[in-house]
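As given, the protein sequences belong to chains Y and U, one line each in that order. Counting along the first sequence from 1, when you hit position 77 you're at 77 in this note's numbering, and nothing is skipped either side. Whatever position you read off the second sequence (first residue = 1), add 1000 for this note's numbering.
Because the hints were derived from the structure by calculation, they are not lab data. This structure is a prediction, so every number in the text was calculated from the model and none was measured. Ideal placement from N, C-alpha and C gives every residue a C-beta, glycine not left out. There may be inaccurate statements among the hints.
Facing chain Y, according to a computed beta carbon distance under 10 angstroms, are these residues of chain U, among others [as the list claims (entries may be wrong)]:
| hint | residue |
| --- | --- |
| 1 | Pro1008 |
| 2 | Tyr1033 |
| 3 | Lys1040 |
| 4 | Glu1056 |
| 5 | Asn1058 |
| 6 | Val1060 |
| 7 | Pro1061 |
| 8 | Ser1072 |
| 9 | Phe1075 |
| 10 | His1077 |
| 11 | Leu1078 |
| 12 | Ser1086 |
| 13 | Ala1087 |
| 14 | Phe1104 |
| 15 | Val1112 |
| 16 | Val1113 |
Under the rule of at most 16 angstroms between Cα atoms (straight-line distance), these lysine to aspartate or glutamate pairs were calculated in the EDC-like manner [what the hints assert, rightly or not]:
| hint | chain 1 | residue 1 | chain 2 | residue 2 |
| --- | --- | --- | --- | --- |
| 17 | Y | Lys98 | U | Asp1085 |
| 18 | Y | Lys98 | U | Glu1044 |
| 19 | U | Lys1022 | U | Glu1084 |
| 20 | Y | Lys81 | Y | Glu41 |
| 21 | U | Lys1040 | Y | Asp5 |
| 22 | U | Lys1041 | Y | Glu9 |
| 23 | U | Lys1040 | Y | Glu9 |
| 24 | U | Lys1041 | Y | Asp5 |
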Amino acid sequence: GQNIDQPTEMTATEGAIVQINCTYQTSGFNGLFWYQQHAGEAPTFLSYNVLDGLEEKGRFSSFLSRSKGYSYLLLKELQMKDSASYLCAEILTGGGNKLTFGTGTQLKVEL
Amino acid sequence: ETGVTQTPRHLVMGMTNKKSLKCEQHLGHNAMYWYKQSAKKPLELMFVYNFKEQTENNSVPSRFSPECPNSSHLFLHLHTLQPEDSALYLCASSQGVAGNTIYFGEGSWLTVV
């Protein structure tokens, strides 16, 4: 977890756009995941980036810059149900499928 | 429904008890994992099994004993736990261990008293 840095909490307004940033260890980097976790529920897969650029999936997009060790998750047209923890995780080369997670960003969507 | 089912969802046990957590995946995956999620801490990998063989033990104390009888089932046997072991234990599975997406179960909330 110490290799992944993301904000602890964020608050945004329904209908707005929010960007959740994540910085990670670049040495041995082999891919970056974003998961969403509602309280008391399983983390659910949102996106996987291994190449530079923006991946768009409906209201959610994820961006990666390998040279900067930086990713963000962009949520558009926020809805109340988007209130959740957003987990950034990386895979390192030679590490099998071991994900290293950040502590997560707790997003609160308000009216 | 994630395709990964964990039981029990909630467990309270004393420090001298022996209990087990069970996980079953219905996704046809061949890799299974145990993760621990404590409050205010990142998800921590505990064990990885690939085709029933343990490929990773992340320095987990021996009071946690995993068992993987086949690629669809994974157990975590618990014995003489400590109160600090209270956490959410998440099972997960994936198709292989080469950067494939990991799918999580809803977890078992464990409280050690």
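Evaluation of the provided hints:
no., hint, in the structure
1, Pro1008, "violated, 14 angstroms"
2, Tyr1033, "holds, 8 angstroms"
3, Lys1040, "holds, 7 angstroms"
4, Glu1056, "holds, 6 angstroms"
5, Asn1058, "holds, 8 angstroms"
6, Val1060, "violated, 13 angstroms"
7, Pro1061, "violated, 19 angstroms"
8, Ser1072, "violated, 17 angstroms"
9, Phe1075, "violated, 18 angstroms"
10, His1077, "violated, 22 angstroms"
11, Leu1078, "violated, 20 angstroms"
12, Ser1086, "violated, 15 angstroms"
13, Ala1087, "violated, 14 angstroms"
14, Phe1104, "holds, 4 angstroms"
15, Val1112, "violated, 19 angstroms"
16, Val1113, "violated, 20 angstroms"
17, Y:Lys98 - U:Asp1085, "violated, 21 angstroms"
18, Y:Lys98 - U:Glu1044, "holds, 10 angstroms"
19, U:Lys1022 - U:Glu1084, "violated, 21 angstroms"
20, Y:Lys81 - Y:Glu41, "holds, 13 angstroms"
21, U:Lys1040 - Y:Asp5, "holds, 13 angstroms"
22, U:Lys1041 - Y:Glu9, "holds, 14 angstroms"
23, U:Lys1040 - Y:Glu9, "holds, 12 angstroms"
24, U:Lys1041 - Y:Asp5, "holds, 12 angstroms"
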